[in-house]
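Participant: Sequence:
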Amino acid sequence: MAKGRKGTKGKKITLNVAKNCIKITFDGKKRLDLSKMGITTFPKCILRLNDVDELDLSRNMIRKIPDSISKFQNLRWLDLHSNYIDKLPESIGQMASLLYLNVSNNRLTTNGLPVELNQLKNIRTVNLGLNHLESVPTTLGALKELHEVGLHDNMLSTIPKSIAKLPKLKKLNTKRNPFPKTEESDTFIDSIRRLENLHLVEEKDLCTTCLRKCQQARDKLNKIKTMAAATPRRAIFSNLVSPNSMAKDSQEDWRIRSTSP
Numbered sequence: 001m002a003k004g005r006k007g008t009k010g011k012k013i014t015l016n017v018a019k020n021c022i023k024i025t026f027d028g029k030k031r032l033d034l035s036k037m038g039i040t041t042f043p044k045c046i047l048r049l050n051d052v053d054e055l056d057l058s059r060n061m062i063r064k065i066p067d068s069i070s071k072f073q074n075l076r077w078l079d080l081h082s083n084y085i086d087k088l089p090e091s092i093g094q095m096a097s098l099l100y101l102n103v104s105n106n107r108l109t110t111n112g113l114p115v116e117l118n119q120l121k122n123i124r125t126v127n128l129g130l131n132h133l134e135s136v137p138t139t140l141g142a143l144k145e146l147h148e149v150g151l152h153d154n155m156l157s158t159i160p161k162s163i164a165k166l167p168k169l170k171k172l173n174t175k176r177n178p179f180p181k182t183e184e185s186d187t188f189i190d191s192i193r194r195l196e197n198l199h200l201v202e203e204k205d206l207c208t209t210c211l212r213k214c215q216q217a218r219d220k221l222n223k224i225k226t227m228a229a230a231t232p233r234r235a236i237f238s239n240l241v242s243p244n245s246m247a248k249d250s251q252e253d254w255r256i257r258s259t260s261p
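The sequence shown runs 1 to 261 under the UniProt record's numbering.
Please note that a few of the clues may not be correct.
Using 30 Å as the maximum straight-line C-alpha spacing, the simulated DSS-like pairs for lysine-lysine come out as follows [stated by the list, open to error]:
hint, residue 1, residue 2
1, K29, K44
2, K144, K29
3, K165, K175
4, K144, K64
5, K168, K144
6, K36, K23
7, K19, K71
8, K12, K87
To be clear, the hints were calculated from the coordinates, so they are not data collected in a lab.
Keep in mind the model is a prediction, meaning the values are calculated, not measured.
Could you build all of it, start to finish, from the sequences and the hints given here?
Facilitator: Listed below in structure tokens is the structure:
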């Protein structure tokens with residue numbers, strides 16, 4: 001009688017294989033890239049490489065992240081997206097250097113998010129999208145350095161206001177969640193949508209030409225506001241160009257000119 005086929009085993013990662021997967025990023029950081037390797041179990045051998053700054057285990061078949069992940073004390077960037085993870089270890093709160101955490105497209109539930117996440121005081125980006133979250137831990141509202149939060153494609157009916165009011169938040173993605181239709185929720189969701197569409201630009205990010213055009217557009221807008229305030233009839237300006245859109249168009253023109261032969 002023929003033996004039944006055994007379940008597919010994931011690729012075994014040895015220490016030498018892992019060492020060969022270390023790359024240096026453009027800003028000089030050490031990244032251990034084990035993405036798309038067919039890994040089913042967290043490779044314990046990589047704990048000996050805990051001096052890396054970035055760890056990429058995305059697009060594998062990993063089901064569990066061990067408590068020993070906290071040995072990566074220098075880690076600032078952790079990408080675990082597109083696995084089968086249903087729970088994060090409590091020890092993740094000990095990774096004080098972490099700035100970026102991507103656990104999207106997994107099997108995480110609300111109970112699978114430990115309270116210890118609120119200990120990541122330096123974290124700036126958290127992506128929890130494409131999971132099975134029915135609610136968002138209010139503890140995320142304690143992460144005052146957060147710039148971006150991904151909560152899209154879950155089963156959320158509400159978002160804690162403490163998250164939307166985070167002082168440094170620039171992007172909050174809550175798309176494709178079953179939010180109920182109420183007047184209060186509509187007002188709150190509208191404020192989130194405005195936040196999603198906000199692009200913040202600093203002067204140092206713009207060339208001299210773009211900066212000048214933004215300043216001109218700002219002055220023009222202020223002049224229009226002054227005129228509108230002095231006019232009893234409400235004025236409509238359908239072709240008004242915002243400073244951000246002006247900067248974006250100008251930057252694109254500059255990029256095309258600079259790359260043209």
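Participant: Hints first: check each against the structure and report whether it holds.
Facilitator: A quick look at each hint next to the structure:
1. A hinted pair counts as satisfied when its Cα atoms are at most 30 Å apart, and K29 with K44 qualifies at roughly 22 Å.
2. Among the hinted pairs, K144 with K29 is consistent with the structure: their alpha-carbon atoms are about 25 Å apart, no more than 30 Å.
3. Taking the CA atoms of K165 and K175, the gap is about 18 Å. The hint holds against a cut of 30 Å.
4. Taking the CA atoms of K144 and K64, the gap is about 28 Å. The hint holds against a cut of 30 Å.
5. Proximity of K168 to K144 is assessed by CA-CA distance (about 7 Å); at most 30 Å being required, the pair is judged to hold.
6. Proposed proximity of K36 and K23 is supported: the alpha carbons are some 15 Å apart, at most 30 Å.
7. Pair hint K19 plus K71 holds up; C-alpha atoms about 17 Å apart against a cutoff of 30 Å.
8. At most 30 Å may separate the alpha-carbon atoms for a hinted pair to count; K12 and K87 meet this at roughly 23 Å.
Violated hints for the displayed structure: none, as all numbered hints are satisfied.
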